[in-house]
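Peer 1: One letter stands for each residue in the lines below.
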Amino acid sequence: MMWKESYRIGVPLIDQQHEELFHRVSVFIQTVREKGDWNEKLPKVKETMDFMQKYVVFHFDDEESFQEKINYPDLESHRIAHAKFKQSVNNYAERMVKENYSEDLAQEFSGKLMAWLIMHVAATDQKIGEYLRKKGGEQL
Amino acid sequence: MKADYVNPFFMSTKEVFRLMLGLDVIRGDLRILEDMVPSKEANALLGVTGDLQGSVLFSYPREMALEMVRIMSGMDMHEIDSFVSSALGEVANIIGGNAVTKLTESRLTCDIVPPQVFVGEYKSLSMATGKALLIPLRTSIGEFDMTVFLKENTK
Numbered sequence: 000m001m002w003k004e005s006y007r008i009g010v011p012l013i014d015q016q017h018e019e020l021f022h023r024v025s026v027f028i029q030t031v032r033e034k035g036d037w038n039e040k041l042p043k044v045k046e047t048m049d050f051m052q053k054y055v056v057f058h059f060d061d062e063e064s065f066q067e068k069i070n071y072p073d074l075e076s077h078r079i080a081h082a083k084f085k086q087s088v089n090n091y092a093e094r095m096v097k098e099n100y101s102e103d104l105a106q107e108f109s110g111k112l113m114a115w116l117i118m119h120v121a122a123t124d125q126k127i128g129e130y131l132r133k134k135g136g137e138q139l
Numbered sequence: 000m001k002a003d004y005v006n007p008f009f010m011s012t013k014e015v016f017r018l019m020l021g022l023d024v025i026r027g028d029l030r031i032l033e034d035m036v037p038s039k040e041a042n043a044l045l046g047v048t049g050d051l052q053g054s055v056l057f058s059y060p061r062e063m064a065l066e067m068v069r070i071m072s073g074m075d076m077h078e079i080d081s082f083v084s085s086a087l088g089e090v091a092n093i094i095g096g097n098a099v100t101k102l103t104e105s106r107l108t109c110d111i112v113p114p115q116v117f118v119g120e121y122k123s124l125s126m127a128t129g130k131a132l133l134i135p136l137r138t139s140i141g142e143f144d145m146t147v148f149l150k151e152n153t154k
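Those protein sequence lines, which keep their order, are chains A and C. Here the first sequence is numbered in numbering that gives the first Met the number 0, starting from 0 and rising by one per residue. Here the second sequence is numbered in numbering that gives the first Met the number 0, starting from 0 and rising by one per residue.
In case anyone wonders, no lab produced these hints; they're calculated from the structure. Cβ atoms here follow ideal geometry from the backbone N, Cα and C, with glycine treated the same way. Treat the hints loosely; a few may be bogus.
Said to hold, decoys possible - Coverage of chain A stretches by chain C, computed from C-beta distances (three or more under 8 Å per stretch; other residues unrestricted):
id, segment
1, 45-54
2, 111-123
Stated by the list, open to error - Label pairs and their calculated CB-CB ranges:
id, chain 1, residue 1, chain 2, residue 2, range
3, C, Phe117, A, Arg132, 38 to 44 Å
4, C, Phe117, A, Lys97, 21 to 27 Å
5, C, Gly46, A, Lys45, 31 to 37 Å
6, C, Arg17, A, Gln52, 29 to 35 Å
7, A, Asp49, C, Gly21, 28 to 34 Å
Stated by the list, open to error - Think about it this way: if two alpha-carbon atoms lie no more than 30 Å apart in a straight line, the pair counts; the simulated DSBU-like pairs of lysine-lysine are:
id, chain 1, residue 1, chain 2, residue 2
8, C, Lys13, A, Lys111
9, C, Lys39, C, Lys130
10, C, Lys101, A, Lys3
11, A, Lys85, C, Lys13
12, C, Lys150, A, Lys3
13, C, Lys101, A, Lys111
14, C, Lys39, A, Lys68
15, A, Lys126, C, Lys13
16, A, Lys83, A, Lys111
17, C, Lys1, C, Lys150
Could you put together the complete structure from these sequences and hints?
Peer 2: Below is the structure:
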């Protein structure tokens with residue numbers, strides 16, 4: 000399991016969404032890595048790609064709205080990091096279609112997705128929690 | 000090359016390992032190398048462009064590379080496949096991105112070229128001019144090397 004309690008930032012809405020993202024990425028990695036016929040796994044792989052593209056946008060929008068609400072000073076660089084990641088997920092989604100959902104590409108994508116998600120939640124987003132605690136605990 | 004250029008990369012490595020893997024990184028003594036030679040089995044080579052130009056190589060023993068990815072994924076890894084390589088590459092990418100941000104504090108504007116990951120030792124990545132610096136790094140799951148070759152862009 001990828002999710003760790005230390006990843007919580009203390010904002011229930013964002014924490015729930017992070018946990019959901021970690022859960023989905025964990026299931027995706029398990030699906031991609033377990034033994035078995037790749038063609039049989041394809042529906043699950045396609046479904047996760049589709050989910051990631053939609054949920055990542057949904058989560059980033061919620062996170063950015065929350066940051067606006069609390070006047071988060073680092074909002075702009077956070078937005079840039081989100082935009083870059085969305086672009087990266089979309090690029091992989093396009094490549095997946097072009098390369099016929101190859102197993103190798105799906106492995107590559109899931110490795111990158113995992114590392115990025117951990118860094119984003121374990122480091123970048125923790126600063127939101129630190130800012131809130133400094134401000135005196137305004138929460139959703 | 001100046002030893003000063005190494006520090007932002009070391010500090011970022013320390014930070015990223017602590018945050019992503021929960022590991023402390025301790026540095027050993029710097030060594031000067033004529034060539035950039037991968038000293039261990041799993042290697043992530045990062046390009047740097049801008050005010051500084053060159054490469055940074057992260058060289059991990061096989062077992063350590065697999066353990067790093069096990070810590071991240073919660074799943075046992077048995078070989079350095081596309082998944083493991085991609086995760087190692089992204090870790091190097093994050094370290095490089097953070098180091099470049101630190102370099103701006105020294106008024107150096109640089110960019111990172113996405114890393115290449117390759118498996119195998121002893122393939123010399125020869126540098127045209129100058130020497131590289133190797134920094135041995137120690138963690139509780141193994142020892143790895145960071146080799147830095149950077150020169151000021153005079154253009």
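Peer 1: Any hints this thing doesn't respect? Which numbers, in order?
Peer 2: 1, 12, 14
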